[in-house]
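Asker: Sequence:
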Amino acid sequence: MITDNATWRKSSRSHQKTNCVEVALTPEAVGIRDTKDRSGGTLAVHPRAWAGFVNRLKTGEYDRG
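Residue numbering for the sequence shown follows the UniProt record's numbering, beginning at 1 and increasing consecutively.
Bear in mind the hints are in silico, worked out from the structure with no lab data behind them.
Be aware that a few hints might be false.
Claimed, not checked - Cut-off 20 Å, straight-line C-alpha distance, at most; resulting in silico cross-link-like pairs (DMTMM-like, lysine to aspartate or glutamate):
(1) K10 - E22
(2) K58 - E22
(3) K58 - D37
(4) K10 - D37
Stated by the list, open to error - So the derived label-pair ranges between C-beta atoms look like this:
(5) S39 - G60: 29 to 39 Å
(6) G65 - M1: 12 to 22 Å
(7) G52 - S12: 14 to 24 Å
(8) G60 - T3: 32 to 42 Å
(9) L57 - M1: 39 to 49 Å
(10) V45 - D4: 16 to 26 Å
(11) N5 - E61: 28 to 38 Å
(12) G40 - S11: 14 to 24 Å
(13) N5 - D63: 27 to 37 Å
Note that beta-carbon positions come from the ideal geometry of N, C-alpha and C, so glycine has one too.
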């Protein structure tokens, strides 16, 4: 569960823009939310699922040809 006091981070590459996502890491879940509407809801996924997603991003699996 992602609590109100979770530490949220966004990419350092997003600079001061508000059109990105933030991530909060906890032992039980990874929270993902939109910076444009932080109170609009949070997607929570299992840390292993998040790690797999990030690894696939890094290897270019989702890149458009």
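Asker: Quick check: which numbered hints come out false for this structure?
Answerer: 3, 6 and 9
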